[in-house]
Amino acid sequence: MSITLLYFGVLKDTLGCSTETLAWAGGTSATLLDVLRGRGEDWSQALAPGKVFRLVVNQQIVRGDVAIPDGAEVGILPPVTGG
Amino acid sequence: MYCDITVQSAAFDLGAEELALRAHAGDAGALVAFQGMVRAHDEATPLAALFLEHYPGVTEAEIRRIAEQAAARWPLSACRVIHRVGALAPGEPIVLVIIAAGHRAGAFAAAEYLMDYLKTQAPFWKREDFVDGSSRWVEAKASDDAACGRWHD
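Top to bottom, those sequences are chains A and B.
No gaps in the numbering here: position 60 of the first sequence is 59 in numbering that gives the first Met the number 0, and each next residue is one more.
No gaps in the numbering here: position 90 of the second sequence is 89 in numbering that gives the first Met the number 0, and each next residue is one more.
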């Protein structure tokens with residue numbers, strides 16, 4: 000079981016990663032963020048609970064804690080600066 | 000409402016886009032077009048380019064959702080949004096919003112509404128690439144959030 004992660008904007012540079020495949024035992028977005036924060040200082044700071052970012056699961060922007068199914072594409076979006 | 004959303008690296012032509020949209024505007028009495036340009040910025044180091052990234056598929060869907068919200072607030076007949084991505088030089092057009100509506104009040108308001116949401120909700124990220132080789136991701140601005148907040152009832 001695995002999921003694909005996509006990182007955007009400043010997160011890509013901070014984390015040194017634009018996309019990756021992650022082994023996934025199942026769980027929610029909270030589970031995923033705990034896993035990523037456990038990777039070290041850069042990750043725990045960039046994805047700290049107080050930071051503003053959005054998650055997109057299978058092309059849908061999600062709010063709150065949602066289940067992440069096997070094979071999902073999960074985008075991690077820092078605050079947007081378009082227009 | 001007719002609605003056409005494009006995210007592209009290529010330049011666009013305001014006149015051609017306006018003409019194309021008029022074919023879908025029905026008996027609209029107003030057409031408002033807004034074109035945003037890349038500013039050279041008032042930084043100590045001049046800007047070589049503004050680099051924009053988006054989330055393909057998700058960004059277009061989000062803009063469409065925003066346009067439909069606008070159409071629920073004001074009677075709009077057609078809308079066209081083009082947002083450019085990739086490396087853009089100062090002075091280049093970066094975003095185009097055209098709204099056709101029954102009356103000008105709705106057309107002006109909807110164009111502003113779309114621009115406020117494009118700046119604060121649509122998944123675009125800007126990076127400033129300076130002529131000295133340094134670069135910096137643009138941080139979200141409280142003033143943009145405040146501008147967007149005025150639309151909440």
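Any given hint could be a false lead.
Claimed, not checked - Straight line, CA to CA, 20 Å or less: simulated SDA-like cross-link-like pairs of lysine to any residue:
1) 140(B) <-> 1(B)
2) 50(A) <-> 143(B)
3) 11(A) <-> 126(B)
4) 11(A) <-> 128(B)
5) 140(B) <-> 38(A)
6) 11(A) <-> 66(A)
7) 11(A) <-> 37(A)
8) 11(A) <-> 56(A)
9) 140(B) <-> 120(B)
10) 11(A) <-> 41(A)
11) 140(B) <-> 49(A)
12) 11(A) <-> 139(B)
13) 50(A) <-> 145(B)
14) 50(A) <-> 119(B)
15) 11(A) <-> 43(A)
16) 11(A) <-> 145(B)
17) 140(B) <-> 51(A)
18) 11(A) <-> 51(A)
19) 50(A) <-> 69(A)
20) 140(B) <-> 82(A)
21) 11(A) <-> 65(A)
22) 50(A) <-> 140(B)
23) 50(A) <-> 139(B)
24) 140(B) <-> 56(A)
25) 50(A) <-> 38(A)
26) 140(B) <-> 50(B)
27) 50(A) <-> 138(B)
28) 140(B) <-> 41(A)
29) 50(A) <-> 136(B)
30) 11(A) <-> 44(A)
31) 50(A) <-> 14(A)
32) 50(A) <-> 60(A)
33) 50(A) <-> 63(A)
34) 11(A) <-> 48(A)
35) 50(A) <-> 37(A)
36) 50(A) <-> 35(B)
37) 50(A) <-> 64(B)
For the record, the hints were derived by calculation from the structure and aren't laboratory data.
Status of the hints after comparison with the structure:
no.	hint	result
1	140(B) <-> 1(B)	31 Å, violated
2	50(A) <-> 143(B)	18 Å, holds
3	11(A) <-> 126(B)	12 Å, holds
4	11(A) <-> 128(B)	16 Å, holds
5	140(B) <-> 38(A)	29 Å, violated
6	11(A) <-> 66(A)	24 Å, violated
7	11(A) <-> 37(A)	17 Å, holds
8	11(A) <-> 56(A)	18 Å, holds
9	140(B) <-> 120(B)	12 Å, holds
10	11(A) <-> 41(A)	12 Å, holds
11	140(B) <-> 49(A)	17 Å, holds
12	11(A) <-> 139(B)	16 Å, holds
13	50(A) <-> 145(B)	19 Å, holds
14	50(A) <-> 119(B)	16 Å, holds
15	11(A) <-> 43(A)	14 Å, holds
16	11(A) <-> 145(B)	27 Å, violated
17	140(B) <-> 51(A)	13 Å, holds
18	11(A) <-> 51(A)	15 Å, holds
19	50(A) <-> 69(A)	26 Å, violated
20	140(B) <-> 82(A)	12 Å, holds
21	11(A) <-> 65(A)	23 Å, violated
22	50(A) <-> 140(B)	15 Å, holds
23	50(A) <-> 139(B)	12 Å, holds
24	140(B) <-> 56(A)	26 Å, violated
25	50(A) <-> 38(A)	17 Å, holds
26	140(B) <-> 50(B)	17 Å, holds
27	50(A) <-> 138(B)	13 Å, holds
28	140(B) <-> 41(A)	23 Å, violated
29	50(A) <-> 136(B)	16 Å, holds
30	11(A) <-> 44(A)	14 Å, holds
31	50(A) <-> 14(A)	15 Å, holds
32	50(A) <-> 60(A)	17 Å, holds
33	50(A) <-> 63(A)	14 Å, holds
34	11(A) <-> 48(A)	18 Å, holds
35	50(A) <-> 37(A)	16 Å, holds
36	50(A) <-> 35(B)	29 Å, violated
37	50(A) <-> 64(B)	25 Å, violated
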